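Protein chains: 2
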Amino acid sequence: MLGNFSFHNPTKLYFGENSLEFLNEELPKYGKTVQLIYGGGSVKKNGLYDEIIDILKRNGKTVVEDSGVMPNPTVEKLREGVRIARENNVDFLLAVGGGSCCDYAKAVSVSVNCGEDPWEKYFIRFDEPDCEILPVGCVLTMAGTGSEMNGGSVITNHEQKLKIGHVFGDEVMPKFSILNPKYTMSLPKRQMVAGIYDIFNHICEQYFSGDDDNTSDYIAEALMKSVIRSSLVAVENPEDYEARSNIMWSATWALNTLISRGKSTDWMVHMLGQAAGAYTDATHGMTLSAVSLPYYRYIMPYGIKKFVRFAKEVWCVNPEGKSEEQIAAEGLEAMKDWMQKIGVALSLSQLGATEDMIEGIADATIILDGGYKVLSRDEVVEILKQSL
Amino acid sequence: MLGNFSFHNPTKLYFGENSLEFLNEELPKYGKTVQLIYGGGSVKKNGLYDEIIDILKRNGKTVVEDSGVMPNPTVEKLREGVRIARENNVDFLLAVGGGSCCDYAKAVSVSVNCGEDPWEKYFIRFDEPDCEILPVGCVLTMAGTGSEMNGGSVITNHEQKLKIGHVFGDEVMPKFSILNPKYTMSLPKRQMVAGIYDIFNHICEQYFSGDDDNTSDYIAEALMKSVIRSSLVAVENPEDYEARSNIMWSATWALNTLISRGKSTDWMVHMLGQAAGAYTDATHGMTLSAVSLPYYRYIMPYGIKKFVRFAKEVWCVNPEGKSEEQIAAEGLEAMKDWMQKIGVALSLSQLGATEDMIEGIADATIILDGGYKVLSRDEVVEILKQSL
Numbered sequence: 034m035l036g037n038f039s040f041h042n043p044t045k046l047y048f049g050e051n052s053l054e055f056l057n058e059e060l061p062k063y064g065k066t067v068q069l070i071y072g073g074g075s076v077k078k079n080g081l082y083d084e085i086i087d088i089l090k091r092n093g094k095t096v097v098e099d100s101g102v103m104p105n106p107t108v109e110k111l112r113e114g115v116r117i118a119r120e121n122n123v124d125f126l127l128a129v130g131g132g133s134c135c136d137y138a139k140a141v142s143v144s145v146n147c148g149e150d151p152w153e154k155y156f157i158r159f160d161e162p163d164c165e166i167l168p169v170g171c172v173l174t175m176a177g178t179g180s181e182m183n184g185g186s187v188i189t190n191h192e193q194k195l196k197i198g199h200v201f202g203d204e205v206m207p208k209f210s211i212l213n214p215k216y217t218m219s220l221p222k223r224q225m226v227a228g229i230y231d232i233f234n235h236i237c238e239q240y241f242s243g244d245d246d247n248t249s250d251y252i253a254e255a256l257m258k259s260v261i262r263s264s265l266v267a268v269e270n271p272e273d274y275e276a277r278s279n280i281m282w283s284a285t286w287a288l289n290t291l292i293s294r295g296k297s298t299d300w301m302v303h304m305l306g307q308a309a310g311a312y313t314d315a316t317h318g319m320t321l322s323a324v325s326l327p328y329y330r331y332i333m334p335y336g337i338k339k340f341v342r343f344a345k346e347v348w349c350v351n352p353e354g355k356s357e358e359q360i361a362a363e364g365l366e367a368m369k370d371w372m373q374k375i376g377v378a379l380s381l382s383q384l385g386a387t388e389d390m391i392e393g394i395a396d397a398t399i400i401l402d403g404g405y406k407v408l409s410r411d412e413v414v415e416i417l418k419q420s421l
Numbered sequence: 034m035l036g037n038f039s040f041h042n043p044t045k046l047y048f049g050e051n052s053l054e055f056l057n058e059e060l061p062k063y064g065k066t067v068q069l070i071y072g073g074g075s076v077k078k079n080g081l082y083d084e085i086i087d088i089l090k091r092n093g094k095t096v097v098e099d100s101g102v103m104p105n106p107t108v109e110k111l112r113e114g115v116r117i118a119r120e121n122n123v124d125f126l127l128a129v130g131g132g133s134c135c136d137y138a139k140a141v142s143v144s145v146n147c148g149e150d151p152w153e154k155y156f157i158r159f160d161e162p163d164c165e166i167l168p169v170g171c172v173l174t175m176a177g178t179g180s181e182m183n184g185g186s187v188i189t190n191h192e193q194k195l196k197i198g199h200v201f202g203d204e205v206m207p208k209f210s211i212l213n214p215k216y217t218m219s220l221p222k223r224q225m226v227a228g229i230y231d232i233f234n235h236i237c238e239q240y241f242s243g244d245d246d247n248t249s250d251y252i253a254e255a256l257m258k259s260v261i262r263s264s265l266v267a268v269e270n271p272e273d274y275e276a277r278s279n280i281m282w283s284a285t286w287a288l289n290t291l292i293s294r295g296k297s298t299d300w301m302v303h304m305l306g307q308a309a310g311a312y313t314d315a316t317h318g319m320t321l322s323a324v325s326l327p328y329y330r331y332i333m334p335y336g337i338k339k340f341v342r343f344a345k346e347v348w349c350v351n352p353e354g355k356s357e358e359q360i361a362a363e364g365l366e367a368m369k370d371w372m373q374k375i376g377v378a379l380s381l382s383q384l385g386a387t388e389d390m391i392e393g394i395a396d397a398t399i400i401l402d403g404g405y406k407v408l409s410r411d412e413v414v415e416i417l418k419q420s421l
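Chains as they are written, first to last, in the numbering used here: chain A, 34 to 421; chain B, 34 to 421.
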C-alpha cells in the first residue's frame with residue numbers, strides 16, 4: 034500500500050431476496066418527484082416495474098417516466114433525460130436496470146443544474162460538477178459494471194464514434210443501491226456471461242499494474258477466484274441463487290475503488306474494448322473479452338512477475354520445473370479455457386468488426402500509461418489485428 | 034452470499050505518509066470545541082501531539098484535553114470523558130491513538146447527551162443510542178482493532194470483572210480516520226505483534242462459521258495471506274513501510290463489516306480472550322492468541338470442511354494422500370508456527386493467569402452460537418485449561 038490515497042464510499046447497499054423492501058426506508062429521505070429510469074420492457078415483463086410503481090405511489094411520490102435507456106447510453110438520450118428532469122422539476126433519480134441505467138442516471142444527475150452541454154463538459158473536458166447534483170438510487174437487475182457503488186458513468190457519442198467514461202467523486206455515487214440476485218436471473222445467458230467477464234476484467238485492470246506486495250492484489254485475487262468458481266456454477270444452472278449472489282456481490286466490490294487503493298491501474302483493455310464498442314455497438318463485456326487475451330499476451334513480458342503470480346494464485350498453475358514465461362503463459366491459457374467454458378467472445382470479428390475498422394478503432398483508442406507497457410499506436414493496431 | 038443484509042460504511046479514510054494534512058480538510062466541517070483524546074505520553078514523545086495541536090489551533094479550534102485513555106478503557110474513564118465533554122460543551126471528539134482511544138471516543142460520543150449511565154445502557158442492556166451523537170474523528174497510531182472504520186466500542190468494568198463490546202450502527206462510526214503507517218512504527222514490537230494477531234483473529238472469527246461458497250470467505254483468505262506475509266517482514270524489520278502499510282490497511286478491512294456480509298460469524302475467541310483480559314488486564318491481542326489454538330482444535334471436527342479449506346488456501350498445505358483431519362490439523366500447526374515466529378503469547382499463564390482464575394474467567398465468558406459448535410460451560414472450562 035504505497036503512496037497516499039483516500040477511500041470514501043457512502044453508498045448504502047441492500048442485498049438479498051427481500052432487499053426491495055428497503056426502498057420504503059430510503060424514499061422518505063428524498064423529494065416528491067421521482068424520475069423513474071429504465072431500459073426496454075424487461076422490467077415491465079418481469080413485474081419489477083409494477084412493484085416499484087406501487088412502492089413509489091405508497092410513498093406519495095409523483096413519478097416521471099424516463100424509459101428506453103439503451104445498453105450503451107447515448108449523448109442524445111442523456112440530453113433527453115436532462116430535459117425530462119428540468120421540465121418536471123425532478124427531485125430524485127431512481128434507476129432500475131443494469132449498469133447502463135445507473136451510469137445514465139449519474140450523468141443526468143450532474144447535468145440537470147449545469148448550463149453547459151454535458152458531453153463537452155464531462156466527457157470531453159472531464160470537468161468536475163460545479164452545480165447541484167440530484168440524488169440517485171439504483172435497483173440493480175444485472176451484475177457487471179459496478180456502477181451501483183461508484184461514481185463512474187460511460188456515455189457513447191455515435192456521431193463522434195466515441196465511448197467515454199468519467200469517474201466522478203463520491204458525491205455522485207448512488208445514495209443507495211438495491212441488489213437482489215433474483216433479478217439477474219431473467220437475463221439471457223449471453224448477457225449474464227458478458228457481465229461476468231466485465232467483472233473479471235475490472236479486477237484484471239486493477240491487478241495487472243505495479244509490482245509491490247499489496248493487500249489490494251490479494252483482495253483482487255479473492256474476487257477473481259470467487260467469480261471464476263461461481264460463474265462455472267451459473268453457466269450450468271443460471272438459477273443457482275448462491276452463485277448468482279456471489280457474482281453480484283463480487284461485481285460491486287470489483288469496481289468501488291477498494292482494489293485500486295495504494296496501487297497503479299491499467300485499464301487498456303477497457304480503452305480497446307470501448308473503442309471497438311463505439312464501432313460495433315456490441316455488448317461491453319464481449320468487447321472486453323475479445324481484446325483481452327491478445328492484449329495480455331502482448332504485455333506479459335513487461336509484467337512477468339505479476340503474470341506468474343496470477344497463474345499460481347488464481348489458476349493454481351503448478352510452477353515446478355517451469356520458466357517464468359511458461360508459468361505465465363499457462364495462466365493465460367487457463368484463463369482462455371475458462372472464457373471458452375462460460376462462452377464469451379474471443380474475437381472482435383464475432384462481434385461484427387471487420388479489418389477495415391481497425392484503423393478507426395485504433396484512432397478511437399485512448400492510450401493510458403498505468404499498465405506494464407505504454408502502447409504505441411502501432412502496437413494498438415497490432416493487438417486489434419490479433420483480436421479480429 | 035445467502036440471506037439479506039446491508040452494507041453502509043460512511044467513514045472517510047485518509048491513508049499514507051502525508052495523510053495528517055487532510056485533518057485541515059475535515060476540521061472545518063465540525064464545531065469549535067474539540068475534545069482531544071489520547072493515551073499516555075507516547076504521542077507527546079513522538080511529536081504527533083504537537084503537530085495536531087498546531088493544526089487544531091490553525092483551524093481556530095478550542096482544545097479540551099482528555100488524556101490517559103488506557104489500553105482497556107474503563108467505565109470510570111468513560112464517565113470522566115463524558116463529564117469533560119459536558120462541562121466544556123464539546124462539539125467534536127478527536128481520538129489520537131490506537132483502537133482503545135477510538136473505542137473510548139465512540140463510547141463518549143453516544144453518552145454525552147444521554148441521561149443514563151452509559152455502562153448500564155450500552156454495555157449491559159445493549160440499547161441503541163436515542164440521543165444526539167457527537168461526531169468522532171480518529172488519527173490512528175496502532176494497527177489492530179479496526180475501530181477506525183466501524184461502530185464497535187469495548188469497555189472494561191474491573192469491579193464487575195467484565196469487558197464488553199457493543200457494535201453500534203453506522204451513525205457512530207468515525208466520520209473520518211487518518212491512517213499513517215509511519216505512526217505505527219514507534220510501537221514496541223510486543224504491541225505490534227499483539228495488534229497483528231488481533232487483526233488475524235478478527236478475520237478468523239468471521240471465517241470460521243458457515244459452509245456456503247461465499248465471496249466474503251475468499252476476501253477473508255486474501256486478508257489473512259496479506260497479514261501473514263507482511264507480518265513476517267515486519268517482525269524482521271519493523272521499519273518496512275510497505276509491510277506496515279499492508280498490515281494497517283488489512284486491519285481496517287478485517288473489521289469494517291465487509292467480510293461478514295452474507296454469512297454467520299463466530300467470535301468465541303474474543304469472548305474467551307476478553308473474559309481472560311478482564312482478569313489479567315493483558316493486551317487484547319495476546320489474550321486472543323493464548324486461547325485460539327485450543328479453541329480451534331476443539332471445534333475443528335464440527336467445521337472440518339472450512340478447516341481443510343483454511344489449511345489449503347491460507348497455509349498451502351498439500352492435501353495429497355491425507356485425510357481431512359490430517360489436512361485440517363496441519364493447517365493449525367502451520368498457524369502455530371507462524372504465531373511462534375511473530376512471537377505472540379501461546380498460553381494464558383504467560384499473561385499472568387493462574388489455575389484458580391479458570392472458573393471466574395469461565396463465568397465471565399459469554400457463550401455465542403454463531404460458530405461450528407455452541408460450547409457448554411464445561412467445554413469453556415476445558416478450553417481455558419488447555420490454554421493455561
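Mixed in with the good hints, there may be bad ones.
Same chains, same label: a pair holds when it works inside one copy or across any pair of copies.
Claimed, not checked - DSBU-like mimics (lysine-lysine), calculated; alpha carbons at most 35 Å apart, straight line:
| id | residue 1 | residue 2 |
| --- | --- | --- |
| 1 | Lys374 | Lys338 |
| 2 | Lys406 | Lys215 |
| 3 | Lys338 | Lys215 |
| 4 | Lys208 | Lys194 |
Quick caveat, the hints were computed from the structure, so don't treat them as lab data. It should be emphasised that the depicted structure is a prediction, and the values quoted were computed from it without experimental measurement.
Verification of the hints:
| no. | hint | in the structure |
| --- | --- | --- |
| 1 | Lys374 <-> Lys338 | both (27 Å within a copy, 27 Å between copies) |
| 2 | Lys406 <-> Lys215 | between (41 Å within a copy, 32 Å between copies) |
| 3 | Lys338 <-> Lys215 | between (39 Å within a copy, 28 Å between copies) |
| 4 | Lys208 <-> Lys194 | within (32 Å within a copy, 43 Å between copies) |
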